[in-house]
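*Asks:* Here is what each chain is made of, one letter per residue.
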Amino acid sequence: MAAPKIDVAYVANLARLELTPEEQALFQPQLEGIVKYVEKISAVDVAGVEPMMHGRPLSNVFREDEVRPSLDREAALENAPARVGDEFLLPKIVEGAES
Amino acid sequence: MELVDLGIKAAQAGLAKGEFCARDIVESVIRRYREKNGEIGAYLTFDEEHALRLADANPKSVPIAIKDLINVAGQPCTCASKILKGYVSPYDATVIRNLKANGFIPCGRCNMDEFAMGSSTENSALGVTRNPYDLTRVPGGSSGGSAAAVGGNLCIAALGSDTGGSIRQPASFCNCVGVKPSYGRVSRYGVTAFASSLDQVGPMTKSVDDAAILLKALAGRDEMDGTTPPEPVPDYPAALAGATLKGVRLGLPKEYLEVSGVDPEVKRITEEAIARCAAAGAELVEVSLPHTEYAMAVYYIIAPAEASANLARFDGVRYGHRSEMSRDVMSLYLKSRAEGFGPEVKRRIIMGTYVLSSGYYDAYYGRAQKVRTLIKRDFDRVFAKVDALITPCAPTPAFKFAELQDPLTMYLNDLFTIPSSLAGVCAASVPSGFTRDTNLPVGVQFVCGGYEETRLLQVCKAYEGTLQ
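One line per chain: the protein sequences are F and X, in this order.
Heads up: the first sequence begins at 419 in the numbering used here, then just goes up one per residue.
Heads up: the second sequence begins at 23 in the numbering used here, then just goes up one per residue.
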């Protein structure tokens, strides 16, 4: 495996995290160190090994598809940072639309 | 002795005999909270009126302190993060419903590392928690507030959560019993997710008996969490009667006992623990789990990967912090998350996003899942030969504040707890003695196979007896 080439600024943007220049300067070497550390798994022979997705393999856990009570609308909206009526309020998304 | 100094078993006995009622216990907890929480900081918040109201409605119940990532209706649930400051839970987590159905009530919110990421509770954005055995030292983490509340007698017992050691390591640092149940044994519904293939809620208590009582109340199938199997929950407390180490095949994994970097006092206490087990009739068997050395690396790929996906929900839209500085939706995401998350959470989100990103997925996440299979097979092979493993719980006793600055050095705290988390088996830390010079508590870890909690608790109970 090649030397770690994590571009912290680029990845942070993918994760929708705005970093300050100080954070970027702090995280870049720290994350390079962590990436370098975890690359030790490249030494393990995993040919023919199935991936383990979970702590306990369970599959096809179904329940009846029936209508049941769920969280009350008012309760779900109680923690909203901004709302209008029964909806969450956000800045406009569509470009060119009237705000 | 105050009521708050009791464990669950003694409190239940007193309630049954009518010697006191739940309100008396809660009032005792409140007195201790007012007297001690200023210096220990075990609780982030404590709604006294809420606790008293629940106690009056359930006069035969025992109050339990709750890690601040488990939802209790009408109470804050901050995960020790600025991004959830002011959040009020709209519903009870399944573990809270289970507590209430079994004679317990939630009482107080315990501090933790932000979103359960850390090993010292220093990553809490909302408060400092000190080790009740030495106020200059950390309580461990991430369930540091729960551990300090139990170890410092600020509660009867507490709930913690464990992803890679977050119940067991603080239990070791604060002299309590901490059980990480097998994956799926306890529902995660209503518990803020960190790494979904690893997270488990578990008891943190003053005795093994108490851990058995609390685990029985917590465990079981939950329709709201598809990872909980329908397997019946054994009567753990009843199974502890006559618990013995006689004839127990106890595995000594050389990868845990011959590793460098372990504090000499932790080594001594672990060796003495092994000797006491042997004297009590356990048959010692040397075993090997050859993939142990890769567990940390696997964990620091899988856990951040899952965290980066889970924490995507904190976007400033439906709940949690929203930046005042946002002009459009993109800046709302970028700035709300930047302002809301602390440095360790940001690091892990970036790490997780990186290992899942296009071109790297196979080399990191995909490969880590395969190595995880090999780690699991190590445990399967060993548990065909032995009943339980005994290992150190954490490589050191409680360390001082700001002593570990480098993230990777901090991660090494979970060296001995991570492999069993990856394998999905059950494990516990049991108080085992104190360091000679510094007089700090040290726990020893026992590990059993998946859904072998009965055996695990029996071994822990019998071991606890060797200390008295």
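It cannot be assumed that every hint is accurate.
[As the list claims (entries may be wrong)] In silico BS3-like cross-links for lysine-lysine, where the CA-CA straight-line distance does not exceed 30 Å: (1) F:K510 <-> X:K107; (2) X:K58 <-> F:K454; (3) F:K454 <-> F:K423; (4) X:K268 <-> X:K39; (5) F:K423 <-> X:K392; (6) X:K422 <-> X:K104; (7) X:K407 <-> F:K454; (8) X:K268 <-> X:K31; (9) X:K289 <-> X:K422; (10) X:K392 <-> X:K276; (11) X:K422 <-> X:K407; (12) X:K289 <-> X:K407; (13) X:K58 <-> X:K422; (14) X:K104 <-> F:K510; (15) X:K107 <-> F:K454; (16) F:K458 <-> X:K276; (17) X:K107 <-> X:K392; (18) F:K458 <-> X:K122; (19) X:K422 <-> X:K392; (20) X:K276 <-> X:K107; (21) X:K39 <-> X:K107; (22) F:K458 <-> X:K392.
No wet-lab data here; the hints were simulated from the structure.
*Asks:* For each hint, tell me whether it holds in the structure or not.
*Replies:* Structure-based check of all given hints:
1. As the CA atoms of K510 (chain F) and K107 (chain X) are separated by approximately 26 Å, the hinted pair is consistent with the 30 Å bound.
2. Restraint check: the Cα-Cα separation between K58 (chain X) and K454 (chain F) comes to about 43 Å, which exceeds 30 Å; the hinted pair is violated.
3. The hinted pair formed by K454 (chain F) and K423 (chain F) meets the criterion: a straight-line CA distance of about 9 Å does not exceed 30 Å.
4. At roughly 35 Å between alpha-carbon atoms, K268 (chain X) and K39 (chain X) are farther apart than 30 Å, so this suggested pair is violated.
5. The hinted pair formed by K423 (chain F) and K392 (chain X) meets the criterion: a straight-line CA distance of about 23 Å does not exceed 30 Å.
6. With a CA separation close to 25 Å, the supplied pair K422 (chain X) and K104 (chain X) stays within the 30 Å bound.
7. With a C-alpha separation of about 36 Å, the suggested pairing of K407 (chain X) with K454 (chain F) is violated against the 30 Å cut-off.
8. Distance check on the hinted pair: K268 (chain X) and K31 (chain X) sit about 25 Å apart at the alpha-carbon level, within 30 Å; holds.
9. The straight-line distance between the Cα atoms of K289 (chain X) and K422 (chain X) is roughly 20 Å, inside the 30 Å bound, and the hint therefore holds.
10. At roughly 23 Å between alpha-carbon atoms, K392 (chain X) and K276 (chain X) fall within 30 Å of each other, so this suggested pair holds.
11. Simply put, K422 (chain X) and K407 (chain X) have alpha-carbon atoms about 40 Å apart, too far for the 30 Å limit, and the pair is violated.
12. Proposed proximity of K289 (chain X) and K407 (chain X) is supported: the alpha carbons are some 25 Å apart, at most 30 Å.
13. Under the criterion of a C-alpha separation no larger than 30 Å, the hint pairing K58 (chain X) with K422 (chain X) is consistent with the structure, at around 20 Å.
14. Pair hint K104 (chain X) plus K510 (chain F) holds up; C-alpha atoms about 26 Å apart against a cutoff of 30 Å.
15. As the CA atoms of K107 (chain X) and K454 (chain F) are separated by approximately 35 Å, the hinted pair breaks the 30 Å bound.
16. Straight-line distance between C-alpha atoms of K458 (chain F) and K276 (chain X) comes to about 20 Å, which keeps the hinted pair within the 30 Å bound.
17. This hinted pair does not check out: K107 (chain X) and K392 (chain X) have alpha carbons roughly 38 Å apart, beyond 30 Å.
18. Taking the CA atoms of K458 (chain F) and K122 (chain X), the gap is about 46 Å. The hint is violated against a cut of 30 Å.
19. Between K422 (chain X) and K392 (chain X) the alpha-carbon distance is near 37 Å, which puts this suggested pair outside the 30 Å criterion.
20. Between the alpha carbons of K276 (chain X) and K107 (chain X) the distance comes to roughly 45 Å, so the proposed pair goes past 30 Å and is violated.
21. Distance hint between K39 (chain X) and K107 (chain X) is unfulfilled; the C-alpha atoms sit about 42 Å from each other, more than 30 Å.
22. About 14 Å separates the Cα atoms of K458 (chain F) and K392 (chain X), which keeps this hinted pair within 30 Å; it holds.
When held up to the earlier numbered hints, the structure conflicts with 2, 4, 7, 11, 15, 17, 18, 19, 20, 21 and fits the remainder.
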